[in-house]
Structures are given as structure tokens and as C-alpha cells.
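Engineer: Sequence:
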Amino acid sequence: MKTIKQLFFFSVLIHLSVTFAFGQNETPKLPIDNSTGKIAYSGIVMVKDSASKDELFKRAKICFVHLFKSSNSVIQNEDKEAGTIIGKGIIKVSVRTVTMILEGGDINFTLTVVTKDGRYKYSCTDFVHEGTLYLPSVGNLENNRPRKWREKWWNSVLSQTDNEIQSTISTIKLEMNRPSPQNEKW
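Once you know that position 158 of the sequence shown is 157 in numbering that gives the first Met the number 0, the rest is easy, because the numbers rise by one and skip nothing.
Each statement offered as a hint is correct.
In the BS3-like style, the derived pairs of lysine-lysine whose C-alpha atoms are separated by at most 30 Å in a straight line are:
| # | residue 1 | residue 2 |
| --- | --- | --- |
| 1 | Lys37 | Lys91 |
| 2 | Lys57 | Lys172 |
| 3 | Lys151 | Lys37 |
| 4 | Lys60 | Lys37 |
| 5 | Lys79 | Lys172 |
| 6 | Lys87 | Lys147 |
| 7 | Lys28 | Lys87 |
| 8 | Lys87 | Lys57 |
| 9 | Lys115 | Lys60 |
| 10 | Lys87 | Lys47 |
| 11 | Lys120 | Lys91 |
| 12 | Lys79 | Lys37 |
| 13 | Lys87 | Lys52 |
| 14 | Lys91 | Lys172 |
| 15 | Lys120 | Lys57 |
| 16 | Lys57 | Lys115 |
| 17 | Lys87 | Lys115 |
| 18 | Lys87 | Lys172 |
| 19 | Lys57 | Lys68 |
| 20 | Lys147 | Lys91 |
| 21 | Lys115 | Lys68 |
| 22 | Lys52 | Lys120 |
| 23 | Lys68 | Lys87 |
| 24 | Lys115 | Lys79 |
| 25 | Lys68 | Lys52 |
| 26 | Lys172 | Lys28 |
| 27 | Lys120 | Lys28 |
| 28 | Lys120 | Lys68 |
| 29 | Lys47 | Lys172 |
Label pairs and their calculated CB-CB ranges:
| # | residue 1 | residue 2 | range |
| --- | --- | --- | --- |
| 30 | Thr96 | Pro30 | 26 to 34 Å |
| 31 | Thr170 | Ile100 | 20 to 28 Å |
| 32 | Ser41 | Asp78 | 13 to 21 Å |
| 33 | Lys87 | Pro30 | 16 to 24 Å |
| 34 | Ile100 | Pro145 | 16 to 24 Å |
These are computed hints drawn from the structure, not numbers from a lab.
From the three backbone atoms N, C-alpha and C, an ideal C-beta is built for every residue, glycine too.
Can you build the whole structure from these sequences, using the hints too?
Structural biologist: Written out as C-alpha cells, the structure is:
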């Protein structure tokens with residue numbers, strides 16, 4: 000009987016250690032646009048092969064296909080003449096409690112890619128949280144942590160958002176430097 004109690008105590012101790020280890024203590028510093036005061040990730044990137052605006056536009060469309068399950072449902076506006084594609088993305092987030100992982104809702108954001116000869120600009124903006132049954136909606140991520148949320152949950156959501164956007168930016172940079180498939184004659 001003593002062994003079972005020790006085993007139970009040990010398993011609870013490990014579970015709590017893991018829970019606290021994954022909790023975020025510091026609020027992540029997401030980039031804030033000085034002119035709007037909103038969270039914004041952006042950059043201008045020169046491509047290696049000095050591709051034309053039209054070629055980069057094709058690459059951007061392929062990039063949306065690789066980033067999202069259905070690029071058709073994500074792309075809200077595209078203008079080939081202006082070299083602009085605007086889409087709406089979703090990041091699924093979760094939060095840890097002592098005993099389980101809860102669905103934390105969705106972070107909706109806008110991804111814009113603008114192409115010009117030899118370069119492109121990407122921007123991820125308009126981050127809005129949609130809540131769940133367990134966690135109420137926060138609205139814009141620039142808002143302060145809601146009263147019903149624990150600070151480590153809030154920090155975890157911000158951290159997950161930052162990680163996903165950093166991954167998205169890496170994919171954009173990789174795909175935009177990859178030449179579009181050529182129409183081969185079959």
C-alpha cells in the first residue's frame with residue numbers, strides 16, 4: 000500500500016512539474032506597429048533571382064496553398080496588376096490547466112503579400128481572438144488579459160501566436176525564393 004501512495008504522489012508531482020514547466024511566466028513581446036499601435040509582423044525581402052512582379056505573384060499564390068489547407072477559402076482579395084494577395088488565417092490555440100489541455104479558441108489574422116520586381120513585402124496584422132466555451136473572447140490581442148484568464152494562459156496564447164507567425168514567415172521566405180513550376184509540355 001505504501002508503494003501505491005508513493006507512486007501516486009510521484010505521478011502527481013511529475014504532472015505538476017510538467018504543467019508549471021510549460022506555463023509562461025513572462026508576457027511575450029509581440030511587435031507593435033508605431034503608427035497603428037497594433038501587433039504587426041512585416042518585412043521587405045529581396046529575392047535571390049530578381050524575379051519579376053508577376054513571377055513573385057505566382058509564388059505568393061503557391062505559398063498560400065502551402066500555408067493553408069484551402070487557399071481558396073483563405074484568400075479574400077487578389078489583384079495581379081497591383082501584385083497584392085490578402086488572406087485571412089486562423090491559428091488554433093490551447094491552454095494548460097493542472098489536469099488537462101483546453102481548447103483556447105482561434106486567433107484570426109490578416110496576411111498580406113505585395114510583390115514588385117525583385118522583392119516582396121509580407122505583413123501579418125489584425126490579430127483577433129475568438130473564445131470558446133471555456134475561455135471568453137479577448138477580441139484584439141492588443142487588449143489586456145481578461146479578468147477570467149490566468150496570466151500564464153494569456154502568455155501561452157501570445158507565445159503560440161508568435162511561434163505560428165514566425166513559422167508562417169519562414170514558410171513565406173522559403174516559398175518566395177523557390178521558382179514557380181514551369182508549364183511543361185506533356
